[in-house]
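Student: Read off the chains here:
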Amino acid sequence: MKPAEFYMRDRTLHPPSYHPGYKTSVPRSPKQALLTVQQSLSEITGPAFGHNDMGPLDHDLIKNFDHGGDPVGERIILHGRVLDENARPVPKTLVEIWQANASGRYRHKKDVYLGALDPNFGGCGRTITDDQGYYFFRTIKPGPYPWLNYVNSWRPAHIHVSVFGTSFSQRLITQLYFEGDPLIPKCPIVQTIPDPQAVEQLTAVLDMNTAIPMDCLAYKFDIVLRGRRSTLFENRLEGN
Amino acid sequence: MAHNKTQPLNYLRESASQTAGPYVHIGLAPGAAGFEIYERELGTDIAGPNAPGERVRIEGVVYDGLGASVKDVLIEVWQADAAGIYPHPEDPRHADVAPGFRGWGRVISDFDSGVWTLDTIKPGPCPGRMGRVQAPHLSLWIVSRGINIGLNTRLYFPEDTALHAADPILGSIEQRGRVKTLIATKIAAGQYRFDISLQGDDETVFMDI
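These protein sequences, in sequence, are chains U and F. Numbering of the first sequence is given in the working numbering, commencing with residue 31 and proceeding in unit increments. Numbering of the second sequence is given in the working numbering, commencing with residue 634 and proceeding in unit increments.
Because the hints were derived from the structure by calculation, they are not lab data. Just so you know, even glycine gets a beta-carbon here, dropped at the ideal spot from N, CA and C. Wrong hints could be hidden among the right ones.
As a list, the in silico DSS-like pairs of lysine-lysine whose alpha-carbon atoms are at most 27 Å apart [unchecked claim]:
1) 53/U <-> 704/F
2) 139/U <-> 813/F
3) 61/U <-> 704/F
4) 140/U <-> 704/F
Derived Cβ-Cβ restraints for the label pairs, each shown as a range [to be verified]:
5) 230/U <-> 791/F: 39 to 49 Å
6) 176/U <-> 638/F: 46 to 56 Å
7) 221/U <-> 641/F: 43 to 53 Å
8) 119/U <-> 743/F: 31 to 41 Å
9) 37/U <-> 640/F: 10 to 20 Å
10) 38/U <-> 664/F: 33 to 43 Å
11) 722/F <-> 221/U: 39 to 49 Å
12) 81/U <-> 766/F: 35 to 45 Å
13) 176/U <-> 766/F: 46 to 56 Å
14) 116/U <-> 729/F: 29 to 39 Å
15) 638/F <-> 139/U: 52 to 62 Å
16) 818/F <-> 37/U: 34 to 44 Å
17) 833/F <-> 85/U: 40 to 50 Å
18) 801/F <-> 119/U: 25 to 35 Å
Anything over 10 Å on all C-beta distances counts as not near chain F; from chain U, calculated [unchecked claim]:
19) 102
20) 105
21) 160
22) 166
23) 183
24) 213
25) 214
26) 225
27) 247
This is chain U alone, in the form it adopts within the complex (with noise of 0.2 Å):
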């Protein structure tokens, strides 16, 4: 098979760079126009991970930062799966989140929040999907927390994701919010993805098949990344 092309990101769904209610990004967007680039070799390829990348506990929040017991708060599974825009799965590809603890603190020399560190509690994760493109972590749900972007403004409880696809030209970080949360729409980070459709599809959904009898809720994330041409006619993307 030759190789072909990744579909054209449709950027009407992605927030723009500039958004002036996320100030943060007012001085820190590109104001002229991207350039367009007509994908090589250079962004059809991307870097590939393996097992031996992983700890054991990697994909597992509650143990992987164990200092002597578990983290407190709501005990959650969060898995589902990586596809493409063509519904086929990604397999083996890496996803890697990161959160802030039940209480809404990070863990990070920069987080001076008052809400107290669990000591049981890293707030990191990593993994491989399998065949199917399937990925699961156990964690525990993060709290709501407040910044300054205005003087009252909160995080809807969230989990950022990292996800990388086949090719660089897949890469993507995104955040994952939890159904019912009624901080989503009202956070100005959320506001900058201009399609509803979008933001539904960053709401993690409850998904009691999944939840353990008396251990721990389960949350469904499917995470979409660019699909890719059929090669039906020689599109000469190497030439020749």
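Chain F: place on chain U using the hints.
Tutor: For chain F alone, kept in the frame of chain U given last:
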């Protein structure tokens, strides 16, 4: 607008991007956030110790539109080896990629100075579309607080002037004065400087790839 009903296309839509935020280090570089959790952090071995090629160190600062350094930026790098081969099955020559070469790295800026530093090897020229040759380059992806969707750009090396003249990407930049924003400065043997401007008169050329 009214139109006739059709079959649905049934494509999924890409998940929307959201900013990496100020605490991106927790997930992607926890040592920098201030704690040890992973046996091995990813992105620190872009070229490996055994790959042939010229060892280079690249440093730089990302500046915002007011000229302040961005001290919480994270940059990922993807590149070919010294022979211009990508370690990926879509590269027809990938079986010949240099031993131990991963091609992917991840750096963060220093919290105080904003300087980031990348140690790698200089890539070789690699195939472009339509039989053209791409000058040696690193593909960069930049995320931070305040960046709503990761920014793609490229870094080229200043000594490759003849290859730059033939490079399809550099050649596609209409405002010729902006080409220089993609070309690093050599500061010593094997050492380069590459500053990135998110906004302003010297705004770096960012790409929709």
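Student: Next step is simple, just say for each hint if it's right about the structure.
Tutor: Checked hints:
no., hint, result
1, 53/U <-> 704/F, "holds, 17 Å"
2, 139/U <-> 813/F, "violated, 36 Å"
3, 61/U <-> 704/F, "holds, 21 Å"
4, 140/U <-> 704/F, "holds, 11 Å"
5, 230/U <-> 791/F: 39 to 49 Å, "holds, 47 Å"
6, 176/U <-> 638/F: 46 to 56 Å, "holds, 48 Å"
7, 221/U <-> 641/F: 43 to 53 Å, "violated, 29 Å"
8, 119/U <-> 743/F: 31 to 41 Å, "holds, 39 Å"
9, 37/U <-> 640/F: 10 to 20 Å, "holds, 19 Å"
10, 38/U <-> 664/F: 33 to 43 Å, "holds, 37 Å"
11, 722/F <-> 221/U: 39 to 49 Å, "holds, 40 Å"
12, 81/U <-> 766/F: 35 to 45 Å, "holds, 37 Å"
13, 176/U <-> 766/F: 46 to 56 Å, "holds, 53 Å"
14, 116/U <-> 729/F: 29 to 39 Å, "holds, 31 Å"
15, 638/F <-> 139/U: 52 to 62 Å, "holds, 57 Å"
16, 818/F <-> 37/U: 34 to 44 Å, "holds, 36 Å"
17, 833/F <-> 85/U: 40 to 50 Å, "holds, 42 Å"
18, 801/F <-> 119/U: 25 to 35 Å, "holds, 33 Å"
19, 102, "holds, 18 Å"
20, 105, "holds, 19 Å"
21, 160, "holds, 19 Å"
22, 166, "holds, 17 Å"
23, 183, "holds, 13 Å"
24, 213, "holds, 14 Å"
25, 214, "holds, 12 Å"
26, 225, "violated, 7 Å"
27, 247, "holds, 22 Å"
This entry does not satisfy hints 2, 7, 26, going by the numbered hints stated previously.
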